[in-house]
Amino acid sequence: MVMTLLPIRRPRRRCLDRPHRCRYIHLVSTSPDLIDTAQCLCLASRRASRAITRAFDRELRAHGLRATQFTLLATLSLKGGQTIGELAEFIVADRTTMTRNVALIEEKGLVEVRQHEDDARVRVVTITAWGRETLAAALASWGEVQGSLTEAMGTSAADGLRRLANSDWARPGARNDIKQGRRETAA
1 MVMTLLPIRR PRRRCLDRPH RCRYIHLVST SPDLIDTAQC LCLASRRASR AITRAFDREL
61 RAHGLRATQF TLLATLSLKG GQTIGELAEF IVADRTTMTR NVALIEEKGL VEVRQHEDDA
121 RVRVVTITAW GRETLAAALA SWGEVQGSLT EAMGTSAADG LRRLANSDWA RPGARNDIKQ
181 GRRETAA
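Heads up: the sequence shown begins at 1 in full-length UniProt numbering, then just goes up one per residue.
These aren't lab readings, by the way, just hints derived from the structure by calculation. Bear in mind that the values here come from a model prediction, so they are computed numbers and not experimental data. Keep in mind that the hints are not guaranteed to be accurate.
Cβ-Cβ distance ranges computed for the label pairs, FRET-style [unchecked claim]:
#1 Glu107 with Asp159: 29 to 39 Å
#2 Thr37 with Ala157: 19 to 29 Å
#3 Arg121 with Leu34: 46 to 56 Å
#4 Glu117 with Leu34: 49 to 59 Å
#5 Asp36 with Gly80: 38 to 48 Å
#6 Thr53 with Glu89: 16 to 26 Å
#7 Glu117 with Leu78: 19 to 29 Å
#8 Lys79 with Gln115: 32 to 42 Å
#9 Asp159 with Asp36: 21 to 31 Å
Ideal Cβ positions, reconstructed from N, Cα and C, are used throughout, including at glycine.
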């Protein structure tokens with residue numbers, strides 16, 4: 001691998017932090033292995049995830065929701081009351097993040113959080129009547145974005161994304177289980 005550092009001096013343009021600082025460009029060889037990283041699935045999925053989330057956030061903003069909040073309301077509407085842990089597991093988020101997200105929609109009156117009847121340490125989240133109304137109002141906007149994104153990526157790509165999200169790979173610790181042959185099929 002060849003790596004060359006070339007100083008680039010720009011005498012007429014000055015940096016705000018250091019007036020005479022040199023900038024360097026790193027030139028790296030074009031080895032086939034390195035070129036393959038330009039097609040990295042991790043990078044592509046992160047970019048796609050951010051683009052998808054931005055599209056949903058933009059449309060749901062008119063209803064006072066973010067995509068994560070819409071997902072929480074839809075989950076609670078479909079599954080009924082859930083503990084913070086159950087929500088975190090279903091949505092594949094850590095409990096701390098889920099607690100914060102639930103607190104935000106609780107402040108808006110969209111959900112109610114109460115103690116579990118059998119264990120006071122456990123909190124159960126349920127959707128309120130206002131939460132159901134908000135969810136119903138936002139559903140059309142969600143459907144428009146869902147349709148537009150499915151059309152943009154193609155039905156087969158959208159189906160592939162859902163398959164991956166429901167596969168063993170989506171479970172925490174899945175890579176180690178799959179490597180060790182403890183593979184379970186997703187329901």
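Hints versus structure:
The beta-carbon spacing between Glu107 and Asp159, approximately 37 Å, falls within the hinted interval of 29 to 39 Å. Our hint of 19 to 29 Å for Thr37 and Ala157 holds, since their Cβ atoms are close to 21 Å apart. The beta-carbon spacing between Arg121 and Leu34, approximately 51 Å, falls within the hinted interval of 46 to 56 Å. Taken as a hint, the range 49 to 59 Å holds for the pair Glu117 and Leu34, whose Cβ atoms sit roughly 58 Å apart.
Separation of Asp36 from Gly80 is about 46 Å and conforms to the stated range, judged on CB atoms against 38 to 48 Å. In this structure the hint that Thr53 and Glu89 lie 16 to 26 Å apart at CB holds, the actual value being about 20 Å. The supplied range of 19 to 29 Å is met by Glu117 and Leu78, whose beta-carbon atoms lie about 22 Å from each other. Distance hint check for Lys79 and Gln115: the Cβ-Cβ separation is about 19 Å, which falls outside the suggested range of 32 to 42 Å.
Separated by about 26 Å at the C-beta atoms, Asp159 and Asp36 satisfy the suggested range of 21 to 31 Å.
Hint 8 from the earlier list is the only one contradicted by this structure; the remaining hints agree with it.
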